[in-house]
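*Asks:* Here are the chains, one letter per residue:
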Amino acid sequence: MKLPSGRLVHSRVVDDPGSALAAALDRELTGYAVLEPQETLLLAADARGVLTFSEGVPVLAYHTETDRGGPPALADLAVPGPYRLELVALSDAVLTDLHDTPALRVPPGMPAERLAGDHDLAARTRASAPDDRVRESPGGDADSDEPAQESAVEAFLEDEGKIEAIREQAREEARERASEWGLDDVCE
Amino acid sequence: MVEAFAVASGKGGTGKTTSTLALGMALAEEYDVTVIDADTGMANLLFHAGLSSVDTTLHDVLVEGGAPVEDAVYDRFGMSVVPCGTSLAGFEAAEPERLRDVVATLAVDTDVILLDSPATLGSKSAVLPIVLADRVVVVLQPTIPALSDGLKVQEYAHSYGTETAGTIFNKVTDPDDVQSVAEKSRRYFDGPTLATVPDSDAAREARRAGKPLLAYAPAAEAAEAYRGAARDLDVRSGAADDVADRFRSAVIPEPR
Ligand SMILES: Nc1ncnc2c1ncn2[C@@H]1O[C@H](COP(=O)(O)OP(=O)(O)OP(=O)(O)O)[C@@H](O)[C@H]1O
Ligand SMILES: [Mg+2]
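Chains as they are written, first to last, in the numbering used here: chain D, 1 to 188; chain P, 1001 to 1256.
Since the hints were made in silico from the structure, they are not lab data.
Not one of these hints is a red herring.
For each label pair, taking beta carbons as the anchor points, the in silico distance ranges come out as: (1) P/Glu-1070 to D/Glu-160: 46 to 52 Å; (2) D/His-10 to P/Glu-1030: 50 to 56 Å; (3) P/Gly-1013 to D/Glu-172: 23 to 29 Å; (4) P/Glu-1097 to D/Pro-130: 51 to 57 Å; (5) P/Gly-1065 to D/Asp-185: 23 to 29 Å; (6) D/His-119 to P/Arg-1208: 14 to 20 Å; (7) D/Arg-7 to P/Ser-1052: 44 to 50 Å; (8) D/Ala-89 to P/Gly-1065: 55 to 61 Å.
The beta carbon of each residue, even a glycine, is placed where N, CA and C say it ideally should be.
Based on the sequences and whatever the hints tell you, model everything.
*Replies:* This is the structure we're talking about:
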């Protein structure tokens, strides 16, 4: 996915992807968000998730490392934070071209459900979506019969490499912090 | 004999406090149970247990020359409940290390201690419940962020010599789908899936009514799920005489 350059409107470090979605929704972003995990232990250094938005509502999802789009990209994107978040505004015309990629599309509420597990944010997002998008089905990269949130969760749980990365990172962090906090002797 | 469990999730709002009180009440059928609000920065167990207007809380105990622990223990719902205050000043004045002594003192006279734990792993006071506990009950939701935070909690716990007692899937909206998620997550989490608790209006109403779920709606499906969790939790007894020492020196875990 080649990203057109636009106007950077927001750049900061966020703890979870939910904040990125909420930031895009609150400012009714038309453009895209790039999420770059900060602690990329065992993950490729250039792993990034990209979501496009039309007036704050997610349209496409894509992951640079796995080259997957649509709902599978959301599963790829779900790694522990923090992330560097950049929101980039684009003109409608540029975005309309980009959005003509059915395989990458995600239904409006799906990113909030799957990345943040946040039903309220998903409901707010669906409420802001145009009527014809509310019942949109996921893009072509998805299994056609993969409607449930749980299937993304299951895909996540089947990704042993990613889970090991999360665990390894947590162990590392636990050890480092133990010495910061004077708990050295607790460590096994 | 005593075993201390941290009820933890690493993520906010998963239902740690709800689960702590529900498990506590269910375990109280068989054991002498003490529940401690160890979420000293964002305490809210007191609101779940109708204790929001009490005088003495854990905050008053966790200071130099503070109140004796006994003053912050309330007999409620068949358990001993130690609530924590909600003021920022109280949190700032509290010395987290003193939680060790609190647990050590209470351990002398109870069978099971449940530590309601904070939604973060970002500070010493936040991880202390996990450090002090013998085992952790990980509260999960069937979502990617909740699972990934649950994995982190478990790794922290294991790094600090605390085992996993089991997991609870809370706020489950689709009971069929959660089965396969629970199945797959068993590869990564130690211990049994103690319960899958449905998303339940009764749980929300109980919180509003200031009562634990098992007191407010004992017949609710969610309440029954927690009773099942209590049945599946194999409480282990510690060595009776050195219990207090164990917690006082909890920095050095016992050989297991
Ligand atoms: N099974 C359930 N079904 C529906 N609502 C629930 C359920 N369990 C908990 N809740 C509700 O979710 C909210 C958060 O629950 P709770 O306070 O127990 O979570 P917590 O993990 O302790 O939160 P925190 O991280 O803020 O300490 C409460 O309003 C509670 O009533
Ligand atoms: Mg709580």
